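My request is simple: use the sequences and hints to build the entire structure.
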Amino acid sequence: MGVFVKFKKPTIKEVVKRLIKLEEEVGKIKPEVMSAVEQELNTRTKQLQDLLAEVVALVALLKKKGFITQEEIKKWLVEKKNG
Numbered sequence: 001m002g003v004f005v006k007f008k009k010p011t012i013k014e015v016v017k018r019l020i021k022l023e024e025e026v027g028k029i030k031p032e033v034m035s036a037v038e039q040e041l042n043t044r045t046k047q048l049q050d051l052l053a054e055v056v057a058l059v060a061l062l063k064k065k066g067f068i069t070q071e072e073i074k075k076w077l078v079e080k081k082n083g
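All letters in the sequence shown, in the order written, are residues 1 to 83 by the numbering used here.
If you are wondering where the hints come from, they were derived from the structure by calculation, not from laboratory data. One or more of the hints may lead you astray.
Listed next, the in silico DSSO-like pairs over lysine-lysine satisfying Cα-Cα at most 27 angstroms (straight line) [stated by the list, open to error]: (1) K8 - K64; (2) K81 - K46; (3) K75 - K64; (4) K80 - K63; (5) K17 - K28; (6) K17 - K75; (7) K46 - K80; (8) K30 - K13; (9) K46 - K13.
What follows is a set of in silico ranges between Cβ atoms, one per label pair, in the way DEER data are often shown [as the list claims (entries may be wrong)]: (10) T43 - N82: 31 to 37 angstroms; (11) K74 - L51: 19 to 25 angstroms; (12) D50 - E25: 32 to 38 angstroms; (13) F67 - N42: 32 to 38 angstroms; (14) K81 - K21: 29 to 35 angstroms.
No experiment lies behind these values; they were computed from the predicted model shown. Glycine included, every Cβ here is placed at the ideal spot set by N, Cα and C.
Structure, rendered in structure tokens:
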């Protein structure tokens, strides 16, 4: 089974600010580049939201079929949260 890695997800604004700071160190950033980066980040965010929706639906299906209980889910989440 995979390892659960806990991290604070940066906001799109934070990522864009970091990119701007890096670009300022290297040179001027072009508005087209900035727009493309923002669009790509928005696309990735939507993909992650879709994936999350699929995972939630899968867990709901597993619960409905009786393969997993709410208590097992809570226990697993607590274990992963506590490391």
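Hint check results:
At most 27 angstroms may separate the alpha-carbon atoms for a hinted pair to count; K8 and K64 exceed this at roughly 31 angstroms. Taking the CA atoms of K81 and K46, the gap is near 25 angstroms; set against the 27 angstroms cutoff, the hint holds. Pair hint K75 plus K64 holds up; C-alpha atoms about 18 angstroms apart against a cutoff of 27 angstroms. At roughly 19 angstroms between alpha-carbon atoms, K80 and K63 fall within 27 angstroms of each other, so this suggested pair holds.
Note on K17 and K28: the hinted pairing holds, with a Cα-Cα distance of about 14 angstroms set against a maximum of 27 angstroms. Among the hinted pairs, K17 with K75 is inconsistent with the structure: their alpha-carbon atoms are about 38 angstroms apart, more than 27 angstroms. For the hint linking K46 to K80, the alpha-carbon distance of about 25 angstroms falls within 27 angstroms, and the restraint holds. Annotation: proposed proximity of K30 to K13 holds, straight-line Cα distance about 17 angstroms (limit 27 angstroms).
Our distance criterion of 27 angstroms between C-alpha atoms is met by K46 and K13, whose separation comes to about 15 angstroms. Checking the proposed 31 to 37 angstroms range against T43 and N82 shows it holds: the Cβ atoms sit about 34 angstroms from each other. Look at K74 against L51: about 22 angstroms separates their beta carbons, and that is inside 19 to 25 angstroms. For D50 and E25, the Cβ-Cβ distance of about 35 angstroms falls inside the hinted range of 32 to 38 angstroms, so the restraint holds.
Roughly 35 angstroms separates the CB atoms of F67 and N42, a value that falls within the hinted 32 to 38 angstroms. Between K81 and K21 the beta carbons are some 32 angstroms apart, a value that agrees with the proposed interval 29 to 35 angstroms.
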